[in-house]
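Engineer: Sequence:
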Amino acid sequence: MKNKNPRKLKFFLISIIIILLGIIIAVFLLYRSILDETAEFKSAIQTAAKMSLGKVHHTATRDGVIEWSLDASSARLLDEKKQLILDDLSVVFYMKDGKEAHLTAAKGFLHTDSNDIEVTGNVVVRSNSYVLKTEKLNYEHNRRILFSNVPVEISSDSEKLTADSIFFNIDTKRTMLEGNVKGAFSENIKL
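In my numbering, the protein residues as written are 54 to 244.
FYI, nobody ran anything at the bench for these hints, they're computed from the structure. Don't take every hint at face value.
Using C-beta positions, here's what the derived DEER-type ranges look like [what the hints assert, rightly or not]:
| no. | residue 1 | residue 2 | range |
| --- | --- | --- | --- |
| 1 | Thr112 | Val80 | 48 to 56 Å |
| 2 | Val234 | Leu131 | 33 to 41 Å |
| 3 | Thr112 | Glu231 | 29 to 37 Å |
| 4 | Ser86 | Met148 | 54 to 62 Å |
| 5 | Val145 | Ile87 | 43 to 51 Å |
| 6 | Leu131 | Glu193 | 15 to 23 Å |
Heads up, simulated BS3-like pairs for lysine-lysine below, C-alpha to C-alpha not over 25 Å straight-line [to be verified]:
| no. | residue 1 | residue 2 |
| --- | --- | --- |
| 7 | Lys134 | Lys160 |
| 8 | Lys135 | Lys160 |
| 9 | Lys189 | Lys160 |
Just so it is clear, the structure is predicted and the values come from calculations on it, not from any experiment. Each residue gets a CB set at the ideal place from its N, CA and C atoms; glycine is no exception.
Work out the full structure: start from the sequences and follow the hints.
Structural biologist: In structure tokens:
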């Protein structure tokens, strides 16, 4: 059986080839634009953060004595600012008398040049039977002080204090509360 219309068959086959070439070119161009967007995104991240890490542990020592240790679920290094951006972090501050203060926060910054720390988001510090709660807290490494200029609440089984700001020296255990200081004490206070 002979094909009666070879021109129509040729036209049909050439049309199929042209359509397939068009689809291949379109897929290639789309794939290339996706790769370009991904490269731009990666470049933007790399420009801001020099390194991204998961599960970070850092210990600060002075004269062979551990002053604090930090753990975070993830971190990003901003080299130009000398900062480590931390997520879901916890810090243990070691006091001269052997006691510890445990800090947790949602976010934080470790200044890599000074070992100063800034934390934000559901900040909680626990030491002995005391709990301090605030939204922002700073640690100054050279002076070993914790301070906050936003409202704080300190509580234990027998007392509750609130203030607009706090200053706490880790070495001397001296605490200073300022601004709108209020307290409630139970009858069972032991001094």
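Engineer: A separate judgement is required for each hint: does it hold in the structure or not?
Structural biologist: Hint-by-hint comparison with the structure:
| no. | hint | result |
| --- | --- | --- |
| 1 | Thr112 x Val80: 48 to 56 Å | holds, 52 Å |
| 2 | Val234 x Leu131: 33 to 41 Å | holds, 37 Å |
| 3 | Thr112 x Glu231: 29 to 37 Å | holds, 32 Å |
| 4 | Ser86 x Met148: 54 to 62 Å | holds, 58 Å |
| 5 | Val145 x Ile87: 43 to 51 Å | holds, 45 Å |
| 6 | Leu131 x Glu193: 15 to 23 Å | holds, 20 Å |
| 7 | Lys134 x Lys160 | holds, 17 Å |
| 8 | Lys135 x Lys160 | holds, 17 Å |
| 9 | Lys189 x Lys160 | holds, 10 Å |
Figure legend: structure checked against the earlier numbered hints; every hint is met.
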